[in-house]
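Student: Residue-level listing of the chains:
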Amino acid sequence: MSTRLATGGRLIDRSRQVSFTFDGTTLRGHPGDTLASALLASGRTLVGRSFKYHRPRGVIASGAEEPNALVGLGQGDRFEPNARATTTELFDGLQAASQNCWPSLDYDVGAVNAALSRFLPAGFYYKMFIHPRAFWKHVYEPFIRHSAGLGRAPAVEARDPDRYEHFHHHTDVLVVGGGVAGLQAAKTAGESGLRVLLVEQTGHWGGRAPVDGGTIDGKTPEDWIGDTLQALDNMPNVTLRLRLQGAGLYDHGYVLGYERLADHAPDAPGPRHRLWRIRAGRIVTATGAIERPLPFAGNDRPGVMLASAVRDYIVNWGVSAGDRLVVVTNNDDAYRTALAHHRAGLTVPAVLDARPEGGGALMAEAQAAGIRVLTGRGIAQVNGTRALTGVEICAQAGEGTPLETIACDAVAMSGGWSPVVHLWSHCGGKLVWDEAAAAFRPDPDRAPIGQDGASNVIAAGAANGQGDLSSILKDAEKAGKTAARDLGGTPSDASAPDAEQPAEAPLAPVWMMPQGAPHALRAKAFLDFQNDVKVSDVHLAAQEGFESVEHTKRYTTLGMATDQGKMSNINGLAVLSRALNAPIPQVGTTTFRPPYTPVSMGAIAGEARGPLFQPIRRTPLHDWHETHGAKWEPVGQWRRPYCYPRAGEDKHAAVAREIDATRGSLGLLDASTLGKIVVKGPDAGRFLDMLYTNMMSTLKPGRCRYGLMCSENGFLIDDGVVARLDDDTFLCHTTTGGADRIHAHMEDWLQTEWWDWKVYTANLTEQFAQIAVVGPNARKLLEKLGGIDVSAETLPFMAFAEGQLAGHPVRVFRISFSGELSYEIAVPAGQARALWDRIVDAGAEWQITPYGTEALHVMRAEKGFIMIGDETDGTVIPQDLGLDWAISKKKDDYLGKRAQARSHMTDPDRWKLVGLKTLDGSVLPDGAYAVTEGTNVNGQRNTEGRVTSSYHSPTLGHGIAMGLAHRGPERMGEVLTFMRDDGKTAIEARIVDPVFFDPEGAKQNV
Amino acid sequence: MLILTCPCCGVAADEIELAPGGQAHIARRGPDSTDAAFEEYLFLRDNPRGVHFERWRHAMGCGKWFHAARCTATNEVFGTYPAQTTEPPQEIRDRIAERRTDQPKDSRA
Ligand SMILES: [Zn+2]
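Protein sequences, first through last, are from chains A and B. For the first sequence, position 985 matches number 985 in my numbering, and the numbering has no gaps at all. In my numbering, each residue's number is its place in the second sequence (first place is 1) plus 10000.
Nothing false has been slipped in among the hints.
Straight-line distance between alpha carbons at most 30 Å, and here's what the computed DSSO-like set of lysine-lysine pairs gives:
| no. | chain 1 | residue 1 | chain 2 | residue 2 |
| --- | --- | --- | --- | --- |
| 1 | A | Lys-474 | A | Lys-430 |
| 2 | A | Lys-891 | A | Lys-700 |
| 3 | B | Lys-10064 | A | Lys-897 |
| 4 | B | Lys-10064 | A | Lys-680 |
| 5 | A | Lys-474 | A | Lys-219 |
| 6 | A | Lys-784 | A | Lys-700 |
| 7 | A | Lys-758 | A | Lys-700 |
| 8 | A | Lys-889 | A | Lys-700 |
| 9 | B | Lys-10064 | A | Lys-758 |
Calculated Cβ distances over 12 Å to all of chain B for the following chain A residues:
| no. | residue |
| --- | --- |
| 10 | Arg-159 |
| 11 | Asn-234 |
| 12 | Thr-591 |
| 13 | Thr-627 |
| 14 | Arg-646 |
| 15 | Pro-701 |
| 16 | Asp-728 |
| 17 | Thr-736 |
| 18 | Arg-838 |
| 19 | Glu-933 |
| 20 | Met-979 |
No lab work stands behind these hints: they were computed from the structure. Glycine included, C-beta positions come from ideal geometry on N, C-alpha and C.
Chain A extracted, bound-state conformation (with noise of 0.2 Å):
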């Protein structure tokens, strides 16, 4: 059983306990722990199950590579689920449970699965819960979705109470990686003069230097690492960050980092977590290398570790596998692990060396130590039911008859080192197999490339596939001064430091233990470890013709999720290539995506969230409908009063009052989110003329005219009125949604197709506010505020007049989407509030009532007015709204204009504006379609229109509706029959004219 050893552990602080929990129980551990040496401290062997078999599964790694070591963290709303503990910072409080098992990770129901597990080979899903049909839904899905799911997510009512934030960072060079690799990288280039950025995913450097041992400039890896880091702390222009990772790599030099700054220490200030925004000139992938599995049998058992981790525990925690290890290798540098725990003061049985001639220099120091070393052997399976109490081992060249049982708790496996190739590969970065290390290695000659087409990747140290501490730093060395140079800059002539570490002799690729593994070992040596992928598998996969890399993974589930193949992937390719009889490089790799291990969403949404989500765009007047009960709605990023209820009213009763004051006296609207775009030029006449569908070129300064706007494809874009200022100068105002996006529209054929037009546009929407003043009245209120002269000869219906109205500037239109006498004052932005009070004031005497965005709504259907986005989707051409009269024959051509000729526009089978009475006066459902007789291809019932707005009026006391029809206006007085939500009830309406309400204008020419 693993447990804590008296002495050693350089990365712990003995003098100090901290105490933390496991499902429930209570225990301790030292600062500087992660939670999984803690957990292993303690004698917790088992730490979860697996995600399909719900097989027993413990620690296995001691890096972001674990896939075994996954738990839910925290409680509540601080509740994270598939957190690795080999990368979770212990911290005094910390509280851990244990995923995928249920009722208890030492007794669990599912574990049936793996008795099952015969019958639930690769793919068995696709096979099996296809037929029949109906059963998917209440059947198959319940128990899938049961039985499961890697972790639980956090609870529906939960809300992170933590801070987020993301940083921008641009610098010359960033080093990703900070072992001694990444640190010479960065040393060198930092030389140079130029920005360096060195981040380091763990919360400490030097990376695996310091437990392999060797020197460094004749000094110990440590004492080389804290002088560099002194080094490069003194270069002003270099940067360190720990615990930050580089977890995506984009075009162009774009990475994303992703910065742990409080998980290790809960109650620091400031941001939990930080996503870095990162561009750089150069990246320097100093990433390392993740160490193999061997597939034999039971090696996904609690107490079968990776040989690298095994050391790790013992040398950076002080912790022990077990008493008795067993390492089992195809290569020198597992030996390090035989050694390491022997010199513990534990036992080590023996070595089993697959290689047949054994191993180098480490191989005779083990010896030397009275190590049995076993060559050409292997492990043909693996003893114990719930503890390991020994293995069986056997020929690596036969098929797996068992020689001698060696009892042992714990062992160490190695199959050989992959590099960490993710980043080199996000963007596009290739791979070379690399015979020797039975690896994939980045290809320099095919690096991610920046947008001046030069690569902006270098793959530096084990990264680069380069194997002993020597070659190591003399990559980095070499990176570092080719970054330099790429930028112009000039790197120093210091060379690389000499390294010394004992000859290793040559690895052998071992893809299977034994080679000749029957079905029934094969079915039990598993690949990946977090998916359950076993060797049979990929077998079965291959044999059921899934022969691309890619097909097989998404077939047996191979390095998805969050593993990203990063135990998984080599040994899953070289099994593939086996039963396929191709070489390994012919059948390539997966493809790795980021991040390289997740990112918490928390960071990715950062500061974007409640009242930061979006800016929120405010009226000049946003405080008085506040104070005054506005019920808000919001439009686009405005927001705007959907109405204001009064004292015991409901919404319902307060538009009604709302449109009975307006129509019955005086009604008030703050108008300011419409568009209001400047045009103005000799050619800005011109320009309208083909930006709307109407003649604008004609209108007499002074005078208002509605336009219809379209695509090039003629579909209705926006609508609203055109005042001409003077003679260059229009003002052009848009519906609230569509200022940014028509003035948009506006430059981008003014740049791109007329440039040679003179004409300028300015988007004065924020600049001045509107306030509609509206209702029979409103002459009189006008009148009473005093100035511009306001009676029906000087500033008739579709003109405007500047001058002054209570002491303010304003430009006053008489235009109107009510039907009344209406009078929108257009006012710079910094006095609306002024003026708004004195109309407010002023407008007492005939009880003037603020209205909002639902009364605007009811008053202009009640009027036939169309709305952009009620009566248009898209789809819909100024010619189905009965809009005829406000397009042009005149003109030559205007946007839209050809596309509106084409054969399906001018299809008299389209659907077409009408109005709509229900037969009971009810209101009819928004969006509701009228169906006809038969059905589609599909088998829906047919439909000859669709319900486009809808509401009660209170003016008429009956519902009324605008819909599109087929052939509607041609079908005046007929009844279409239209469905419910519930698409059972149907309700009737008549077609008629849309226009409801005072068809003859009486009200607003006055």
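Starting from the known structure of chain A, fit chain B with the ligand onto it as the hints suggest.
Tutor: Chain B with the ligand in isolation, oriented as in the chain A frame:
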């Protein structure tokens, strides 16, 4: 995430500052055009794996439209140039020819 240099204001702009506008150098077809010509103008676009001339707007910057020559496969950018032109400038074509022997010299494809 791309970086394109706006030829109007000279800023090397991050993609988040930019709005894409599709294929560049499409001649407008008006009311006199045939159905086939209008269809081509309105709907038919190249989709090359290789050099593409495209429209971008420095939307969160100076607001100006410009054109970029970019390889859709590698994201290599051969240059940006003002939108007030009906065809790629010679200088851009030369740069493409220099970098890409597989591309026809005055490729508009
Ligand atoms: Zn610009």
